[in-house]
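Participant: Listed below are the residues making up each chain.
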Amino acid sequence: MADDDETPPLMQRILDNPFILLFLGVAVPAVLYLIWGIMEIISIPVAG
Amino acid sequence: MAEQFRTCPDTGLKIHLPAQALMKANAVAAVVFLLIGGIYGLMVGLTRWPAVHLLPADWFYLTLTAHGLNVLIFWMIFFEIALLYFVSSVLLGCRLATPKIGWVAFGLMVVGALLNNYIVLTGTSSVMMTSYVPMEAHPLFYLSLILFAVGALIGCFIFFGTLVIAKAEKTYEGSVSLVTFGGITAAIIAVFTIVSGAIILIPTLLWSLGFIADIDSLAYRLIWWGFGHSSQQINVSAHIAVWYAIAAIVFGAKPMSEKVSRMAFLMYILFLQIASVHHLLADPGMSSEFKMFNTSYAMYLAVMASMVHGLTVPGSIEAAQRAKGFNSGLFEWLRRTPWGNPTFSGMFISLVGFGFLGGISGVVMGAEQINVLMHNTLYVPGHFHATVVIGSTLAFMALTYWLVPVLFRREIVMKGLASWQPYLFGFGMTGVALFLMGAGTLGVPRRHWDITFSMTGGIVHEFPAAANTLLALNGLSVLLAVIGGAAFCVIIVASLLFGRKLGDEEKLDPPIMASQPADADYVGIGKFGSTVPGTLVLALVFFVSFALYYFINWKYLAETWGIS
Amino acid sequence: MSTLSPPKERLWWKEPIDRSELIWVSIVFVWGLVMSFMMPYWHVTGNQNLSNETYKTTPESFMARTQANVDQYTIRHEGPRDYPVVKPPPGGDVYMVSRLWDFWPIIELQKGESYRFHLSSMDWQHGFSLQPANINIQVVPKYEHVVTFTPNAIGEYSVICNEYCGIGHHMMIGKIHVVE
Chain P
444 MADDDETPPL MQRILDNPFI LLFLGVAVPA VLYLIWGIME IISIPVAG
Chain E
24 MAEQFRTCPD TGLKIHLPAQ ALMKANAVAA VVFLLIGGIY GLMVGLTRWP
74 AVHLLPADWF YLTLTAHGLN VLIFWMIFFE IALLYFVSSV LLGCRLATPK
124 IGWVAFGLMV VGALLNNYIV LTGTSSVMMT SYVPMEAHPL FYLSLILFAV
174 GALIGCFIFF GTLVIAKAEK TYEGSVSLVT FGGITAAIIA VFTIVSGAII
224 LIPTLLWSLG FIADIDSLAY RLIWWGFGHS SQQINVSAHI AVWYAIAAIV
274 FGAKPMSEKV SRMAFLMYIL FLQIASVHHL LADPGMSSEF KMFNTSYAMY
324 LAVMASMVHG LTVPGSIEAA QRAKGFNSGL FEWLRRTPWG NPTFSGMFIS
374 LVGFGFLGGI SGVVMGAEQI NVLMHNTLYV PGHFHATVVI GSTLAFMALT
424 YWLVPVLFRR EIVMKGLASW QPYLFGFGMT GVALFLMGAG TLGVPRRHWD
474 ITFSMTGGIV HEFPAAANTL LALNGLSVLL AVIGGAAFCV IIVASLLFGR
524 KLGDEEKLDP PIMASQPADA DYVGIGKFGS TVPGTLVLAL VFFVSFALYY
574 FINWKYLAET WGIS
Chain F
840 MSTLSPPKER LWWKEPIDRS ELIWVSIVFV WGLVMSFMMP YWHVTGNQNL
890 SNETYKTTPE SFMARTQANV DQYTIRHEGP RDYPVVKPPP GGDVYMVSRL
940 WDFWPIIELQ KGESYRFHLS SMDWQHGFSL QPANINIQVV PKYEHVVTFT
990 PNAIGEYSVI CNEYCGIGHH MMIGKIHVVE
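Which chain is which? The protein sequence lines are P, E and F, in order. Letter by letter, the first sequence follows residues 444 to 491 of the working numbering. Letter by letter, the second sequence follows residues 24 to 587 of the working numbering. Letter by letter, the third sequence follows residues 840 to 1019 of the working numbering.
Don't read these hints as lab results, they were simulated from the structure. Here the structure is a predicted model, which is why all the values come from computation and not from measurement. Beta carbons are placed, not taken as given, at the ideal position from N, Cα and C, and that holds for glycine. Certain hints may be false.
Cross-link-like lysine-lysine pairs, in silico, DSS-like; alpha carbons within 30 Å at most [unchecked claim]:
id : chain 1 : residue 1 : chain 2 : residue 2
1  : E       : Lys578    : F       : Lys1014
2  : E       : Lys190    : E       : Lys347
3  : F       : Lys950    : E       : Lys193
4  : E       : Lys530    : F       : Lys847
5  : F       : Lys847    : E       : Lys550
6  : F       : Lys853    : E       : Lys550
7  : E       : Lys347    : F       : Lys853
8  : E       : Lys190    : F       : Lys847
9  : E       : Lys347    : F       : Lys847
10 : F       : Lys847    : E       : Lys193
From the derived model, a few chain P residues whose C-beta atoms are all more than 12 Å from chain F [said to hold, decoys possible]:
id : residue
11 : Pro452
12 : Phe462
13 : Ile463
14 : Phe466
15 : Val471
16 : Ile478
Here are some chain F residues pointing at chain E (derived, C-beta under 10 Å) [said to hold, decoys possible]:
id : residue
17 : Pro846
18 : Glu848
19 : Arg849
20 : Val873
21 : Met878
22 : Asn886
23 : Asn908
24 : Thr913
25 : Pro971
26 : Val979
27 : His1008
Based on the sequences and whatever the hints tell you, model everything.
Facilitator: This is the structure we're talking about:
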């Protein structure tokens, strides 16, 4: 085939790398859900 | 090393024997805990049935705790570990990384699951699966879950190790299969799930032992749901991988588009776990921005992914059927599917039930404001019986019918009963989901032993009479589902013990692996300018149902008290 | 090649996408935008948006303020437990304690008026489930949640616990009256 040596597009290379995906799949929810959520709880004021 | 492999005569798959032994062990453990959890589920359903009201209160709460843990955690995760070994080792034709450590993982999981069942049965830990602090369980309750989770985490690492070996030893060319990619999605979500579980359960264990004075209730809820909800997202990813696998097994289907399906899985990897906030929408303290962003899975990108799978799985089946010549009209391809094959019928009921019942109810209930109508009512278990039981459990059952001859080299017994089993279980569970959701819309609380309030000294609340009817119908549906579930356990156990042994070279007749249509057969299929017009019509029916139900619930919300 | 085996095209990213898939992805994407819009839209135009106003507190502090509110606004006692019925002025603060295993005190409200409800737990987690209005809110110890309610119909309402809180969970019930 003609495209034998062609490097796959960037997005395909990301999808083909389980460890990049593992990093993203742990980091993204850790930031958006766990860390953001903890920040919300910490910032609750004390009753007056 | 060569003698460590065999080639399956039915499927042509190259199977690593140490991996096969581990898959068998995990799958058998899964079915055992399904059976235990199912018996507990039967007792829950019969106690909720007002005219039966089987168990006393303490036993009801104990049973409900055990039911949740056995089926939501133990059955699911054991099966998923078997599945992860299958999609890595078997589908990539590769040896499994460190089978000996695989047995350590299995041992930890078995000890954890048994210890958990024991400590719950002693009556000291009737705290529900959620074990919300500051309600306290026996320390062994938390320890047992930690042991189980550590075992499962090791299983995930073995899966990733196997991917590394397969790539290094070049056991496959190019990219992994789509089904393996679905397995990667499930394993990644599993790692996040288990890490969240460790972050919260280890301090809670120390708290129950007196080493820590206090666990913040809100922080517990936040992090526990990172574990409790995400663990159900492992199930979703795994059962969608199973749908794709069954499409290939029964029809020789190929993905409509690798790119679209894999991007949909990527949306799961990135955003499915953040919907853990579904459980916190009625909580104090967290801002609406946090709730809206997370509950929508980042503007519904993960919902979009599910709806894409919902099209591409039946779409790939339709395309394969049309390529085989069933190309007339909109639905000839669907009429000519093997409805008596439990591997197919189970998968198809799983697909429809997960989408129409579980998916729609989940997204509606997950709208920030609508949630206040459903939080902690029976609507919630109604919803997740559609997702986890009709969706995941039925898909796993369907695949098991195929795994028995492939992995265990035994023929399935009682094939007549097997062909009915997915319908019994699927329709029973559809009833459970619908009737529980119905009772929830009438305000009936979940996890509640006595909605007649007979023990409050005269302070009562009367639910609409329909609630009693719905709970009775739920009880009948539970019976039907339990018959279906028991039939599954009996068929599988009997097949493993008494099924005809298949020879090393023997091929089953009819074959259990469909031939693939040639590429040329796909040319010119379809109608009305679409290759999969039937699936597109079904998808549009789904979309209209979804949109109608979504806006109806905003209307319900507008009718209640003002809340601000 | 099937879904069980590696993609046939090595550069599968460059394969064309079927038109049916493109149509569906477009529909679903737009639908996601519609649903994303609905929640902020309801915050602007809708009347049912659960407040996030919350304070850290202690059971002692919350109970003391509840007691003061009860002492000030009790209009009668009623029911098998002879609980005080508290009727704060419209627009005023209402305190309701969740504890093992009841809600205290009984509240009387006027239809169409707004009240600032203060909810907290004395012990474990509870659920504030207002029936038949079907409003369900989590009640968490050491946090005080302030929610404004505007009842829209007269009648006797029940508050049922819908978060499991131990062996007496099903005995946990309270009352709110809404009058003209």
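Participant: Evaluate each hint against the coordinates.
Facilitator: Hint check results:
1. Taken as a hint, the Lys578/E and Lys1014/F pair is honoured in the structure, with Cα atoms around 26 Å apart against an allowance of 30 Å.
2. Proximity of Lys190/E to Lys347/E is assessed by CA-CA distance (about 34 Å); at most 30 Å being required, the pair is judged violated.
3. For the hint pairing Lys950/F with Lys193/E, the CA-to-CA distance comes to about 73 Å; that exceeds 30 Å, so the pair is violated.
4. At roughly 27 Å between alpha-carbon atoms, Lys530/E and Lys847/F fall within 30 Å of each other, so this suggested pair holds.
5. A hinted pair counts as satisfied when its Cα atoms are at most 30 Å apart, and Lys847/F with Lys550/E qualifies at roughly 26 Å.
6. Simply put, Lys853/F and Lys550/E have alpha-carbon atoms about 25 Å apart, close enough for the 30 Å limit, and the pair holds.
7. Distance restraint check for Lys347/E and Lys853/F: the Cα-Cα separation of roughly 26 Å lies within the 30 Å cut-off, and the hinted pair is therefore satisfied.
8. Of the supplied pair hints, the one linking Lys190/E and Lys847/F holds, its CA atoms being roughly 17 Å apart against a limit of 30 Å.
9. Note on Lys347/E and Lys847/F: the hinted pairing holds, with a Cα-Cα distance of about 20 Å set against a maximum of 30 Å.
10. Restraint check for Lys847/F and Lys193/E: the C-alpha separation of about 16 Å stays at or below 30 Å, so the hint holds.
11. For Pro452/P, the requirement that its beta carbon stay farther than 12 Å from each beta carbon of chain F is not met, with the minimum near 5 Å.
12. With a cut of 12 Å on Cβ distances, Phe462/P stays outside the contact zone with chain F, its closest approach being about 19 Å.
13. For Ile463/P, the condition that its CB be more than 12 Å from all CB atoms of chain F holds, with the nearest at approximately 15 Å.
14. Distance check for Phe466/P against chain F: the nearest CB is about 21 Å away, which clears 12 Å, and the non-interface claim stands.
15. Residue-level check passed: Val471/P sits 18 Å from the nearest beta carbon of chain F, beyond 12 Å.
16. At the 12 Å boundary, the C-beta of Ile478/P stays outside the reach of chain F, the nearest C-beta of that chain being 18 Å off.
17. The criterion of a C-beta within 10 Å of any C-beta in chain E is met by Pro846/F, whose closest approach is roughly 5 Å, and the hint holds.
18. For Glu848/F, the interface hint holds, the least distance from its beta-carbon to any beta-carbon of chain E being 8 Å, beneath 10 Å.
19. Taking 10 Å as the C-beta contact cut-off toward chain E, the hint placing Arg849/F at the interface holds, the least distance being around 5 Å.
20. Using the Cβ-Cβ criterion of 10 Å, the hint placing Val873/F at the interface with chain E is satisfied: the shortest such distance is roughly 8 Å.
21. Given hint, Met878/F at the interface with chain E, holds; its Cβ is 5 Å from that chain's nearest Cβ, closer than 10 Å.
22. Checking Asn886/F against chain E by beta carbon gives a least distance of about 4 Å; that is within 10 Å, so the hint holds.
23. With its C-beta approaching chain E no nearer than about 19 Å, Asn908/F sits outside the 10 Å limit, and its interface hint is violated.
24. For Thr913/F, the interface hint is violated, the least distance from its beta-carbon to any beta-carbon of chain E being 18 Å, above 10 Å.
25. The interface hint given for Pro971/F is met, as the beta carbon of that residue sits about 6 Å from the closest beta carbon of chain E, less than 10 Å.
26. The interface hint given for Val979/F holds, since its Cβ lies 5 Å from the closest Cβ of chain E, which is under the 10 Å cut-off.
27. Using the Cβ-Cβ criterion of 10 Å, the hint placing His1008/F at the interface with chain E is satisfied: the shortest such distance is roughly 7 Å.
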